[in-house]
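Chains as they are written, first to last, in this note's numbering: chain A, 1 to 111; chain B, 1001 to 1113.
Simulated from the structure, these hints should not be mistaken for laboratory data.
Source: prediction; values computed, not measured.
Certain hints may be false.
Unchecked claim - Calculated from the model, a selection of chain A residues having no Cβ within reach of chain B, i.e. all distances over 10 Å:
(1) Asn-22
(2) Asn-32
(3) Gly-60
(4) Gly-83
(5) Thr-100
Unchecked claim - Keeping only pairs whose Cα atoms sit at most 30 Å apart, straight-line, the calculated DSBU-like set for lysine-lysine is:
(6) Lys-1009/B x Lys-1070/B
(7) Lys-1057/B x Lys-68/A
(8) Lys-1070/B x Lys-42/A
For glycine and all other residues, C-beta sits at the position ideal for the given N, C-alpha and C.
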Amino acid sequence: KQEVTQIPAALSVPEGENLVLNCSFTDSAIYNLQWFRQDPGKGLTSLLLIQSSQREQTSGRLNASLDKSSGRSTLYIAASQPGDSATYLCAVEGGSYIPTFGRGTSLIVHP
Amino acid sequence: DGGITQSPKYLFRKEGQNVTLSCEQNLNHDAMYWYRQDPGQGLRLIYYSQIVNDFQKGDIAEGYSVSREKKESFPLTVTSAQKNPTAFYLCASSRGQANTEAFFGQGTRLTVV
């Protein structure tokens, strides 16, 4: 059974720092990996989708990489801002096309 | 606007009551999912449906039931058999194929009173 782990569980940083959030998964037979953002009491917003054949995806200040063979992905956030404060979740999609989630990283960026 | 709509946003249930959470999508997606989120637990899969008139149990299906009579709709019923129903419930949809994004609704917070 696929297991997804996210490290760290929580992170508090001053504004302007560059950040790396980590996601690892136990079964490398995946179709894609998706990063989401969740604000308190809200649903999930998709940030980036990396297909299994891709190494990375970029959107603005966000860059996500995927190393499928080692079961790892990182989400890099450049020049963090207070508005980036949220929980970040990664999900992998395998043979059944069902997203399996990690527990998330809770990020606080303080001014 | 295309998207997924969950209702209600907040729901209160008395002990022994069944309640139904609504999930509607206009994205023409074949696959729909229900997840439960508890503090510090991440998202756990309750039920999923990959096509109309078919659905499968997820990891924590006990005490829940679903139907998929229409492509657009995937309601979740929380029955009285669910002993700890207080949680945040999230509905999602996707094309159900490789390399397609999953999209989420805004969630329903269910509280037992």
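Consistency of the hints with the structure:
At the 10 Å boundary, the C-beta of Asn-22/A stays outside the reach of chain B, the nearest C-beta of that chain being 15 Å off. With a closest Cβ-Cβ approach of about 5 Å to chain B, Asn-32/A is found to fall inside the 10 Å limit, against its non-interface label. Once the 10 Å rule is applied to beta carbons, Gly-60/A is consistent with being away from chain B; the minimum gap is 17 Å. The non-interface label for Gly-83/A is consistent with chain B: the shortest C-beta to C-beta separation is roughly 19 Å, beyond 10 Å.
A cut-off of 10 Å between C-beta atoms contradicts the statement that Thr-100/A is not in contact with chain B; the least separation is 8 Å. A hinted pair counts as satisfied when its Cα atoms are at most 30 Å apart, and Lys-1009/B with Lys-1070/B qualifies at roughly 22 Å. Restraint check for Lys-1057/B and Lys-68/A: satisfied, since their Cα atoms lie roughly 28 Å apart, inside the 30 Å limit. At most 30 Å may separate the alpha-carbon atoms for a hinted pair to count; Lys-1070/B and Lys-42/A meet this at roughly 26 Å.
The structure shown violates the earlier hints numbered 2, 5.
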